[in-house]
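Q: Going down the list, the sequences are from chains B and P.
All the letters of the first sequence, read from the start, carry residue numbers 1 to 477 under full-length UniProt numbering.
All the letters of the second sequence, read from the start, carry residue numbers 1 to 477 under full-length UniProt numbering.
No wet-lab data here; the hints were simulated from the structure.
Warning: the hint list may mix true and false statements.
So the derived list for chain P, only partly shown, Cβ under 8 Å to chain B, looks like this [stated by the list, open to error]:
id, residue
1, Ile431
2, Lys449
3, Arg462
4, Ala463
5, Asp465
6, His467
The calculated label-pair distances, taken between Cβ atoms and stated as ranges, are [claimed, not checked]:
id, chain 1, residue 1, chain 2, residue 2, range
7, P, Ala107, B, Pro31, 47 to 55 Å
8, B, Ser313, P, Glu129, 17 to 25 Å
9, B, Ser234, P, Asn100, 46 to 54 Å
We treat Cβ as the ideally placed atom computed from N, Cα and C, and that holds for glycine.
Protein chains: 2
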Amino acid sequence: MVEPVDAAAVLAALAEIAGTANVITGTDAAPYLTDWRKRFSGAALAVVRPASTEEVARVVRLAALHGLAVVPQGGNTGLCGGATPDAGRRNIVLSTSRLNRVRSVDALNNTMILEAGVPLARAQEAAREAGRLFPLSLAAEGSATIGGNLSTNAGGTQVLRYGNARDLCLGLEVVTAEGEIWSGLNALRKNNTGYDLRDLFIGAEGTLGVITAACVKLFPLPQSTGTAMVALRSVEDALALLDLAQHHAASTLTGFELFSDFCLSLVEKHFSDHRSPFAARHDWHVLIEISNHQAAEATSTLLEHLLERALASGLIEDAVIAHSGTQAAELWELREHISEAQAAEGKNIKHDISVPISRIAEFVRETDALVARRFPGVRMVTFGHLGDGNLHYNVSAPGFGAVQDDGSFIAMQPAVYETVHDQVHRFGGSISAEHGIGQLKREELLRYKSPVELTMMRAIKRALDPHNRMNPGKILG
Amino acid sequence: MVEPVDAAAVLAALAEIAGTANVITGTDAAPYLTDWRKRFSGAALAVVRPASTEEVARVVRLAALHGLAVVPQGGNTGLCGGATPDAGRRNIVLSTSRLNRVRSVDALNNTMILEAGVPLARAQEAAREAGRLFPLSLAAEGSATIGGNLSTNAGGTQVLRYGNARDLCLGLEVVTAEGEIWSGLNALRKNNTGYDLRDLFIGAEGTLGVITAACVKLFPLPQSTGTAMVALRSVEDALALLDLAQHHAASTLTGFELFSDFCLSLVEKHFSDHRSPFAARHDWHVLIEISNHQAAEATSTLLEHLLERALASGLIEDAVIAHSGTQAAELWELREHISEAQAAEGKNIKHDISVPISRIAEFVRETDALVARRFPGVRMVTFGHLGDGNLHYNVSAPGFGAVQDDGSFIAMQPAVYETVHDQVHRFGGSISAEHGIGQLKREELLRYKSPVELTMMRAIKRALDPHNRMNPGKILG
Numbered sequence: 001m002v003e004p005v006d007a008a009a010v011l012a013a014l015a016e017i018a019g020t021a022n023v024i025t026g027t028d029a030a031p032y033l034t035d036w037r038k039r040f041s042g043a044a045l046a047v048v049r050p051a052s053t054e055e056v057a058r059v060v061r062l063a064a065l066h067g068l069a070v071v072p073q074g075g076n077t078g079l080c081g082g083a084t085p086d087a088g089r090r091n092i093v094l095s096t097s098r099l100n101r102v103r104s105v106d107a108l109n110n111t112m113i114l115e116a117g118v119p120l121a122r123a124q125e126a127a128r129e130a131g132r133l134f135p136l137s138l139a140a141e142g143s144a145t146i147g148g149n150l151s152t153n154a155g156g157t158q159v160l161r162y163g164n165a166r167d168l169c170l171g172l173e174v175v176t177a178e179g180e181i182w183s184g185l186n187a188l189r190k191n192n193t194g195y196d197l198r199d200l201f202i203g204a205e206g207t208l209g210v211i212t213a214a215c216v217k218l219f220p221l222p223q224s225t226g227t228a229m230v231a232l233r234s235v236e237d238a239l240a241l242l243d244l245a246q247h248h249a250a251s252t253l254t255g256f257e258l259f260s261d262f263c264l265s266l267v268e269k270h271f272s273d274h275r276s277p278f279a280a281r282h283d284w285h286v287l288i289e290i291s292n293h294q295a296a297e298a299t300s301t302l303l304e305h306l307l308e309r310a311l312a313s314g315l316i317e318d319a320v321i322a323h324s325g326t327q328a329a330e331l332w333e334l335r336e337h338i339s340e341a342q343a344a345e346g347k348n349i350k351h352d353i354s355v356p357i358s359r360i361a362e363f364v365r366e367t368d369a370l371v372a373r374r375f376p377g378v379r380m381v382t383f384g385h386l387g388d389g390n391l392h393y394n395v396s397a398p399g400f401g402a403v404q405d406d407g408s409f410i411a412m413q414p415a416v417y418e419t420v421h422d423q424v425h426r427f428g429g430s431i432s433a434e435h436g437i438g439q440l441k442r443e444e445l446l447r448y449k450s451p452v453e454l455t456m457m458r459a460i461k462r463a464l465d466p467h468n469r470m471n472p473g474k475i476l477g
Numbered sequence: 001m002v003e004p005v006d007a008a009a010v011l012a013a014l015a016e017i018a019g020t021a022n023v024i025t026g027t028d029a030a031p032y033l034t035d036w037r038k039r040f041s042g043a044a045l046a047v048v049r050p051a052s053t054e055e056v057a058r059v060v061r062l063a064a065l066h067g068l069a070v071v072p073q074g075g076n077t078g079l080c081g082g083a084t085p086d087a088g089r090r091n092i093v094l095s096t097s098r099l100n101r102v103r104s105v106d107a108l109n110n111t112m113i114l115e116a117g118v119p120l121a122r123a124q125e126a127a128r129e130a131g132r133l134f135p136l137s138l139a140a141e142g143s144a145t146i147g148g149n150l151s152t153n154a155g156g157t158q159v160l161r162y163g164n165a166r167d168l169c170l171g172l173e174v175v176t177a178e179g180e181i182w183s184g185l186n187a188l189r190k191n192n193t194g195y196d197l198r199d200l201f202i203g204a205e206g207t208l209g210v211i212t213a214a215c216v217k218l219f220p221l222p223q224s225t226g227t228a229m230v231a232l233r234s235v236e237d238a239l240a241l242l243d244l245a246q247h248h249a250a251s252t253l254t255g256f257e258l259f260s261d262f263c264l265s266l267v268e269k270h271f272s273d274h275r276s277p278f279a280a281r282h283d284w285h286v287l288i289e290i291s292n293h294q295a296a297e298a299t300s301t302l303l304e305h306l307l308e309r310a311l312a313s314g315l316i317e318d319a320v321i322a323h324s325g326t327q328a329a330e331l332w333e334l335r336e337h338i339s340e341a342q343a344a345e346g347k348n349i350k351h352d353i354s355v356p357i358s359r360i361a362e363f364v365r366e367t368d369a370l371v372a373r374r375f376p377g378v379r380m381v382t383f384g385h386l387g388d389g390n391l392h393y394n395v396s397a398p399g400f401g402a403v404q405d406d407g408s409f410i411a412m413q414p415a416v417y418e419t420v421h422d423q424v425h426r427f428g429g430s431i432s433a434e435h436g437i438g439q440l441k442r443e444e445l446l447r448y449k450s451p452v453e454l455t456m457m458r459a460i461k462r463a464l465d466p467h468n469r470m471n472p473g474k475i476l477g
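Using the sequences provided together with the hints, build the complete structure.
A: This is how it looks when you write it as structure tokens:
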């Protein structure tokens with residue numbers, strides 16, 4: 001039986017904890033109750049914005065007392081509805097926006113301690129101010145927060161060299177489902193003392209506790225960067241080029257982004273000031289980035305030698321090297337405008353998948369054929385982080401604009417998901433490479449995870465949050 | 001109440017699973033019942049050597065049926081008694097020695113799948129045969145196995161560049177405490193689909209399940225290596241040199257090992273064919289290694305420029321660069337003989353600690369003074385992986401040989417541990433940087449972990465192994 005909530009008592013207690021101005025209800029709460037893509041919407045008794053870890057702990061204990069759920073929310077930039085409450089009103093949305101201090105930067109230890117609500121761009125800036133690099137980088141970095149990045153184990157454009165959010169984190173501070181504070185903010189490269197709780201909270205999307213702060217790794221700032229774009233015949237050739245680049249440039253290879261000619265043509269169509277740097281059309285393109293500890297001249301030479309070898313062995317059809325920061329930015333913009341160009345072209349169904357790198361070409365060939373057969377007329381918008389085996393293997397509606405408005409394309413979404421995700425599963429891949437599960441892929445998770453794994457995941461959820469108070473309805477439901 | 005064990009029935013069932021030749025009892029079982037440093041000894045009903053994951057699962061289910069514990073054991077090279085059974089006879093030691101296949105190597109995906117019993121040296125060899133590097137490297141690599149390396153999250157000499165065993169693992173196959181098989185052998189760089197079970201089993205020392213296979217990362221083979229040894233005045237200067245080297249060489253810096261002059265003098269005393277490369281004595285030494293994707297000439301230049309800058313700024317007193325593989329090996333041998341030289345000198349008390357790199361100098365200065373005051377006459381044998389913040393901060397008995405034989409030194413061990421580990425704790429460090437907890441540091445764990453963390457660790461143990469059948473007496477006890 002569900003007990004009635006004494007709303008007035010809860011609101012008064014929240015105000016006592018965080019201050020009246022930081023307890024948000026009514027229309028002011030609306031932005032917190034819908035995800036930014038407007039796919040998910042929910043309800044909450046209130047949004048609260050605690051300013052300290054102790055305040056977070058008090059909010060969690062208060063929620064427990066009243067049988068309410070806590071929905072942690074950072075910048076609200078997630079793509080799977082993981083930070084949006086469900087439709088019941090038995091939720092408190094816990095916004096981390098006031099947990100926004102850079103607590104410390106230890107340049108000699110190459111670490112910094114950030115509160116959960118620090119926006120990613122601010123974290124990058126704090127590192128730069130100390131002459132260091134914090135490499136996590138993704139499109140939403142102006143709003144996305146460190147807490148959200150860790151809770152979803154964010155990926156982005158630098159994973160090839162520096163890893164996911166998980167790989168960049170040394171220690172955490174967490175408020176548990178019991179409302180206790182775990183101070184696990186260690187700043188150590190090596191620490192083998194018992195079970196790895198840190199990595200359990202990372203990627204748990206707030207369902208096991210609230211991350212309130214993190215100690216993250218810093219790196220030396222690169223001395224120079226080299227950028228090139230190449231044209232290729234096939235995904236197979238792109239994979240052979242990746243192999244060559246990894247042997248040639250090793251850990252200085254920081255970007256290896258694949259996109260099809262259709263992606264490029266969408267960018268050219270919808271952004272008239274962006275043009276392919278090549279005179280002819282080519283089926284595939286790769287953007288290569290090298291970030292070097294050596295001076296610009298050495299970086300240019302490294303990149304030129306790589307491209308010479310690739311041309312000589314017939315792996316690539318053409319290549320351009322950026323000779324200035326502006327030129328490099330122009331090449332990156334071609335890649336970065338794909339998502340917007342695809343949206344401008346009309347409706348699309350997105351996938352965020354990974355497969356073993358060695359099987360990508362086969363995956364694309366087989367799946368393209370299968371999708372074309374089952375869903376005639378759709379267009380594949382294939383791009384992604386090839387160096388990580390991660391493709392945004394998107395399916396665009398047939399035709400353009402008004403033609404698509406009868407709703408028949410979006411009605412196909414479940415069938416398209418199933419076709420693509422079944423293929424991913426068959427290739428030993430992942431149905432969520434970097435965006436998480438949230439509400440969006442909960443059913444998919446049940447479809448593809450083995451019973452043994454689901455049983456263990458449920459046992460862990462019960463062990464750390466026995467009353468299912470932390471972000472219910474996400475991941476396991 | 002403990003039920004009596006029907007030993008004959010268990011032995012017959014084990015023989016049915018793994019074959020009579022692979023069920024070991026009596027004196028033949030002795031080597032499995034004592035750790036290699038002969039600090040821990042236990043008993044078991046039998047040692048069983050299953051040859052497949054399915055056989056492992058059957059052994060675990062059999063043990064459950066008879067209320068027996070399962071003690072997984074790899075190469076039996078651990079330093080904390082984590083693979084040695086307790087003194088009761090209600091144990092089955094599960095040796096992974098026949099789970100020794102390299103199942104597959106995928107060069108293009110830069111991964112390979114290894115069974116738990118593959119010795120580390122064999123894993124390195126399999127990678128090399130495919131033109132790749134598997135960077136995990138440690139003294140016991142001839143015997144130590146992949147399963148043990150992962151279960152203890154092994155460190156070693158390449159952590160600075162490539163990370164711990166944890167960082168090198170993409171997927172696991174595990175037999176759970178229920179005797180079920182979790183096939184989590186994914187070969188993906190990105191996979192955000194629910195709780196991170198992989199990292200929970202890594203470092204769990206076999207207390208949550210048995211790792212039977214792993215998918216690990218491979219890297220390009222370096223094209224050249226540069227090695228130098230430098231002489232310095234202080235740990236502070238070594239830290240400043242580390243900072244300079246990281247900015248100068250970035251990810252090509254693969255080794256940065258610190259050792260005191262006393263360490264060097266012990267090696268010279270007990271190994272007459274090893275000599276300091278310097279004419280004068282210096283207080284501290286650092287061994288620097290660069291592993292480069294570029295040719296030998298570029299590597300030499302990089303190393304020379306680094307040392308020129310360090311000399312010019314007065315950070316180092318002297319330096320030698322190895323001009324051949326033989327010279328490099330000679331420098332490394334000075335570092336690698338410290339443990340043996342220290343043993344030849346007499347009794348010693350070992351610590352495997354880490355502290356934030358920025359605080360190491362202060363830690364050493366303070367703790368040296370404290371130890372000297374509390375334990376007059378002892379000698380500090382300070383060396384370790386400075387780039388990881390990991391010191392083997394060992395305490396050697398006063399005098400030499402016979403002088404030490406009255407047992408008074410080893411009687412001091414608990415007090416020395418407490419002095420050093422209290423300091424480590426005060427500096428935000430770890431009492432076990434790379435060796436784990438096992439039986440050796442169980443009490444220490446209880447002393448230094450917070451109640452919140454211990455509560456969560458116990459909840460996870462209960463969730464995944466509710467009957468405490470997996471390696472009891474280790475980590476949490």
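Q: Going back to the hint list, which numbers does this structure go against?
A: Violated hints (numbers, rising): 5, 6, 9; every other hint is consistent with the structure.
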